[in-house]
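Chains as they are written, first to last, in numbering that gives the first Met the number 0: chain A, 0 to 347; chain B, 0 to 241.
Each hint should be verified, as a subset may be incorrect.
Stated by the list, open to error - Listed next, the stretches of chain A that the computed footprint assigns to chain B, with coverage defined by at least 3 CB atoms under 8 Å from CB atoms of chain B:
| # | region |
| --- | --- |
| 1 | 21-34 |
| 2 | 50-57 |
| 3 | 67-73 |
| 4 | 80-94 |
| 5 | 191-201 |
| 6 | 205-213 |
Keep in mind that the hints were calculated from the coordinates and are not lab data. Beta carbons are placed, not taken as given, at the ideal position from N, Cα and C, and that holds for glycine.
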Amino acid sequence: MKKKILMTGNEAVAQGAIDAGCTFYAGYPITPQNELTAYMAVHMPGKPGIFIQAESELAAINMVYGASAAGARAMTSSSSPGISLKQEGISYIAGAELPAVIVNVMRAGPGLGNITPAQSDYFQATRGGGHGDYHLIVLAPASVQEAYDQMFLSFDLADKYRAPVMVLGDGMLGQMMEPLQLSAVSFQPSAENKKPWALTGCAGRSPNVIKSFYMDTNELEKFNLNLQKKYALIRQKEQRWEEIFLKDAKTIIVAYGSMARIARSAVHALRGKGKKVGLIRPITLWPFPEKAFTKHLTSNTRYLAVEMSYGQMLEDVQLAVGKAKVDFLGRAGGGVPSEEDIIRRVNG
Amino acid sequence: MDKIYSHPVSLRDNSTHYCAGCGHGTAHRIIAEIVDELGIREKVIGLAPVGCAVIAYEYWNFDCSEAAHGRALAVATAIKRVRPENIVFTYQGDGDLAAIGTNETIHAANRGENLTVIFINNAVYGMTGGQMAPTTLAGQKTATTPAGRDVLSHGFPLKISEMLALLPAVKYIERVSFHSPQEIIKAKQAIKTAFLNQINNIGFSLVEILSPCPTYWGMSPQKSLEWIKEVMAKEFPLGRIK
Ligand SMILES: Cc1ncc(C[n+]2csc(CCOP(=O)(O)OP(=O)(O)O)c2C)c(N)n1
Ligand code: SF4
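Bound conformation, chain B alone (with noise of 0.2 Å):
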């Protein structure tokens, strides 16, 4: 159990509605400490997604709003737009940000928003009952392919960060993991980055973090770190991508 040395002002007292060892807790707090650090809760709008994160501002302490699935880079252009002074970010699962939502997140990349991503990739569907996400590893079992993702019929697991740092107003893309507290760390080093971009109006910044949902990769919490250690991180290499 983690050891709360102080409870970040940014994040509500409220216990989670996440399953155990999910990754979705550890990024909201390292958000919500984040924007503590940095003095912006009375400036800050999150985005929450259409995704097991959908109500996100049930736990983080500042001005939110939903999104419709997938379209959290649209609203959260608009907000930005209108209130430049605000420091805006949006928190996407991978079916959000990769797949339903890929048109949003490549035109608001491209049009270099200075806008902070969260996108968790956590290789499945959560809340809809663990499908084959873009994310999904080739073999992996889910619930929409139940004899592991075949690539040749399936897709790829898309790499979207690496599509992204292909586009020229693009300024910031980082790979992290929480398999690990040595990776949460730099985890969190990487979010505070693009949100320092943001505020230093550097431009379109995301961070892309390996996060485990062990109900549906059907392991144990432990094992499921392991696994992004041993499997998923040979697919989504970590590290600086742009």
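Chain A with its partners taken away, still in its complex shape (with noise of 0.2 Å):
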């Protein structure tokens, strides 16, 4: 067993990535997150490792189509605006079928916005981002374990589904400091990691091709429909939530990331003062884990979204428990809401 150590969210993404089996990296400078490409640029260098300070976030995401077309565990991070300018080369990845793991450390917008807390991504990146129809699969740590985990998690269902995977974190879990436990085993490649597709020089076999274009529109609706298929396994397979106390609950809160974190003290405040309150927090955000949500339906239970944006998981959350009543808190582009702005919200 290794023994636990320190370390910020930012941090142990990265090395969560590499205990992972990632051997590219490639990044452009943004706060909150330039902790973790600069612990790539020390960690990563030497075989096989390799780090790329790119020209700019459109060539740093182009480079891990690349790397992993190439047959690499490639990553990239960035923050919000740079989440942005990737955009058309996540849509190739995605389009290409090539694994692939993005961390977006949130910040606050629109524009260059500033880099206070935020989860105004949510859209972004639950709906694909860029062009066409898509979707990434999407993580969202709420503590440095949890970040650090969820990098094997990430590669892992990259690979299984030749997808590219956003873990959706923010400046908060990116900053903080936690105790963590490295994972003692690292990645080692199996029969399951195998990647027949990849580009290796035509050695005895016919040559590969790595693309997205169809020029007859029946192969591109075929392709499309393969796709879709894949999106409804993942639906069914990959919903992942955490829940509290939801057998008896009246109200449950629903919030992810950071600010999971905050309304878990607030439903454990509530529940010392004898409020029948709950909590789901979704680990999935794409897929969104309905399933925790049928499971628990009842007509009189009411729901409260909160979130570091404006009514984006909101969404999800009411498309989750239909005719159930969803109230919403929300705050972002400064403000946070409090443990006290969500226990007054409950109570009142």
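Fit the two chains together into the complex; they arrive one by one in their own frames, and the hints show the way.
Take a look at the structure:
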């Protein structure tokens, strides 16, 4: 068993990626995720790790596309404006069915906004973000440990589904320092991780082509239908969430990432006062954990969606609960809903 | 019509979608011949651009990837870094390499990536309907410069090869042309050098080819070749740049 160490969320993501077998990182500096890039610069180089400070986010995501096409476990990280720039490349990665991991340590927008924590890129992350009918698998860690652990999961899911995976954090989680248990085992490629489609040179086989272009409309439609099948499978198999105190809950708070930590404290405080409150914390934002809601759906449960944005996750909660009442509490761009805000809202 | 003495293994037996007199087919074939001659078909990885040559991988018979418009050199950088034992080349038009992808081009060159770049300068955007390219000549009429390129408002023809030659990490740049069989032989030699440089770990090598686009030049294939010789090669002088 390895001993516990103290790390920030940004560093834990970087170390997690390395332990999960990431051998290629390209990124462009942006706050509040600079520690991640810097950590990679120190710890990636050497066989077989490759670190490139790219000339832009466009270059970085296209480098990830290339590294993944060549068979490497590849990732990039950025924060909101940089993630916007990467969208075309992410769409190509989805279209070429390449595995890749993209980390977004969100900041407040729109535009340059500022570096206060926010969750305002929820729509961008969960709806695809770029052009075309595609999805990212989106994971939302709520602690430094989970950020680390989710890097293993993200690379595995990316390989398994040949799809881009986004880890969606925020500045609070990125900067926060917590004890971390490193994995005793690091990634060893197995038969499951074989990539017969990768570009390696066509020795002993017919040529491989990585592409997303289909001149023939029937072929493109067929390709899209297959993508949709893949997404349906992911929806069915990969919903993840954490739930606390749901059994007798009259009010269920829904929150993810850093916001869920504050919501959890509020839930404990309210329970201490005898209030029947529970929490659903989506761990996958796409697929959204609808199953968590259908499982507990009763006609008189009241929901409270709490987010560091102005009603983005709220829409998925509304879709998941149908006719049940969903209240909303959200702040972004300077403020974060506090434990007291949540308690007041539940009581009021 | 070309007499095909032997069909390169690296070229599939597909008829191309290019217009009559287009330079892309010639460039594809030369690359395929060189790949065969150097015995690297099983090691080579080609990057097809977004432009008229977008489905170059339908013609080449080796591993290939598409790259988003302008990003071929970012993609190629990563492939080569991950697989230094492979031979990686990009094939890019002037819009791809010298407009939307200028940043990727300059920085891959400045890092001295050990890559081979085949740069097709046809002075227009072919795929999207003959608009002005960064390399469009002064006075040249295109879909977006109907009165001819006015350098004072549209800018001057961009000499990206000369710009790249200023970078210390760039090892080899040559400008060649497809306007005559003799020039095509020279072009082939230059492209071979650019591949050999990579094989010998010499570094970033680029060959710019003045290549005809009869369709959007509004000329016959024969007239297009004359125009390259008489007009285009005056603006873009042939020969070794670095
Ligand atoms: C991001 C993006 N912008 C614009 C386009 C449209 N587009 C496709 S090819 C092209 C220009 C092609 O010109 P060039 O690179 O010179 O190649 P050619 O077709 O002349 O061979 C453009 C603008 C695109 N596919 N993607
Ligand atoms: S439009 Fe021009 S570049 Fe494109 S195929 Fe036709 S001749 Fe070639």
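Now the hints, each set against the structure:
1. 21-34: Since three or more residues must qualify, the claim that chain B covers the region 21-34 of chain A holds, with 3 doing so at under 8 Å.
2. 50-57: holds (count 5)
3. 67-73: holds (count 5)
4. 80-94: holds (count 3)
5. 191-201: The restraint on the region 191-201 of chain A holds, since 4 of its residues have a Cβ under 8 Å from chain B and three suffice.
6. 205-213: Three-residue rule met by the region 205-213 of chain A, so holds; n is 7.
In this structure, none of the earlier numbered hints is contradicted; all agree with it.
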